[in-house]
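Visitor: Take a look at the letters that make up each chain.
Number of protein chains: 2
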Amino acid sequence: MAMSMYQASVPVFQARLKSLSNVLKKAEANAEERKIDPAVFLNDRLAPDMLKLTSQVQIATDHAKGAPSRLAEREIVRFEDNETTFAELQARITRTLELLATFEPAEIDGSEDVAILIKGRTRDLSFTGIEYLQNFAMPNFYFHVTTAYNILRHNGVPLGKIDFLTP
Amino acid sequence: MAMSMYQASVPVFQARLKSLSNVLKKAEANAEERKIDPAVFLNDRLAPDMLKLTSQVQIATDHAKGAPSRLAEREIVRFEDNETTFAELQARITRTLELLATFEPAEIDGSEDVAILIKGRTRDLSFTGIEYLQNFAMPNFYFHVTTAYNILRHNGVPLGKIDFLTP
Numbered sequence: 001m002a003m004s005m006y007q008a009s010v011p012v013f014q015a016r017l018k019s020l021s022n023v024l025k026k027a028e029a030n031a032e033e034r035k036i037d038p039a040v041f042l043n044d045r046l047a048p049d050m051l052k053l054t055s056q057v058q059i060a061t062d063h064a065k066g067a068p069s070r071l072a073e074r075e076i077v078r079f080e081d082n083e084t085t086f087a088e089l090q091a092r093i094t095r096t097l098e099l100l101a102t103f104e105p106a107e108i109d110g111s112e113d114v115a116i117l118i119k120g121r122t123r124d125l126s127f128t129g130i131e132y133l134q135n136f137a138m139p140n141f142y143f144h145v146t147t148a149y150n151i152l153r154h155n156g157v158p159l160g161k162i163d164f165l166t167p
Numbered sequence: 001m002a003m004s005m006y007q008a009s010v011p012v013f014q015a016r017l018k019s020l021s022n023v024l025k026k027a028e029a030n031a032e033e034r035k036i037d038p039a040v041f042l043n044d045r046l047a048p049d050m051l052k053l054t055s056q057v058q059i060a061t062d063h064a065k066g067a068p069s070r071l072a073e074r075e076i077v078r079f080e081d082n083e084t085t086f087a088e089l090q091a092r093i094t095r096t097l098e099l100l101a102t103f104e105p106a107e108i109d110g111s112e113d114v115a116i117l118i119k120g121r122t123r124d125l126s127f128t129g130i131e132y133l134q135n136f137a138m139p140n141f142y143f144h145v146t147t148a149y150n151i152l153r154h155n156g157v158p159l160g161k162i163d164f165l166t167p
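Residue numbers (this note's numbering), protein chains in the order written: chain A, 1 to 167; chain B, 1 to 167.
Errors might be hidden in some of the hints.
Cross-link-like lysine-lysine pairs, in silico, BS3-like; alpha carbons within 25 Å at most [as the list claims (entries may be wrong)]:
| hint | chain 1 | residue 1 | chain 2 | residue 2 |
| --- | --- | --- | --- | --- |
| 1 | B | K35 | A | K161 |
| 2 | A | K119 | B | K161 |
| 3 | A | K26 | B | K52 |
Some chain A residues well away from chain B (every beta-carbon gap over 12 Å; in silico) [stated by the list, open to error]:
| hint | residue |
| --- | --- |
| 4 | D49 |
| 5 | D81 |
| 6 | N135 |
| 7 | T147 |
| 8 | K161 |
Note that these hints are calculated values from the structure, not bench results. Yeah, the Cβ is synthetic: ideal placement off N, Cα and C, and Gly gets one too.
Next comes chain A alone, as it looks inside the complex (with noise of 0.2 Å):
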């Protein structure tokens, strides 16, 4: 197997996805263990002008959405952003792998120059497909995700980095 746009997305945003959801499964239960209300985990943030947990995943599975779609040129499956609870947070994840299994490597190999602009708060930045996938939605897409974990470990979790790296 070649490297090559496809492979350097797709199935990275799969395993790590994957991953992601199983960590999550890992902290309700142990929310429902300890008698903690889910809620404490999915609102926790490591600081005050950090996101909260939920929007840690929400803003993950729009990276891993967002990277392929672009890169095919593809219009991109807005979500709602209204998760609240671990399993409408699995919902997102769960769609979020069903689109990516839609794309073919045809449809993104070959993406490297492909023009990308992604509208900003306050500017917007232009791209060529790789440095698009490699300089903003890859690193985006990995923060959130070690990002989510970090909220749970620090709040206890029993997770370690096995949990990161098993899809």
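Model the placement of chain B on the given structure of chain A, informed by the hints.
Guide: Coordinates of chain B only, in the frame set by chain A:
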């Protein structure tokens, strides 16, 4: 520029290590400004059974130098893991960047099927080159650079996502 094993590894490590260096510079300046012993930041961790900031930086650089070396079938340069100050961590990042600059694309491209063996404490892991890069080295690397950032955010260092993304 085409996606390749080199493109999927060396420039990604370089960009994120430069960001990490800037994040650490801001943390050091912030400690000085707030009259906090830098060791407070360097020894902090997000959970009692997680690694401290210094270790996060050490392990991030280990993956950044280990991955291209293994893919190129070069011997891995060992570092001492004896850093105790921000200046020493910066020197370690600089040394890693200098090493990364010595890799030519031709040494790493085509390494998708190279056999990689990672010796673990409890068991060994076998990978092809592409599996190793995508399922082990890169998620580990991103995990540690993100956790370093999160430790500092949790300590009130004024950082934003832009610091994580800008090399």
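Visitor: Against the structure, test the hints numbered earlier, and report the numbers of the ones violated in rising order.
Guide: 1, 4, 6, 7, 8
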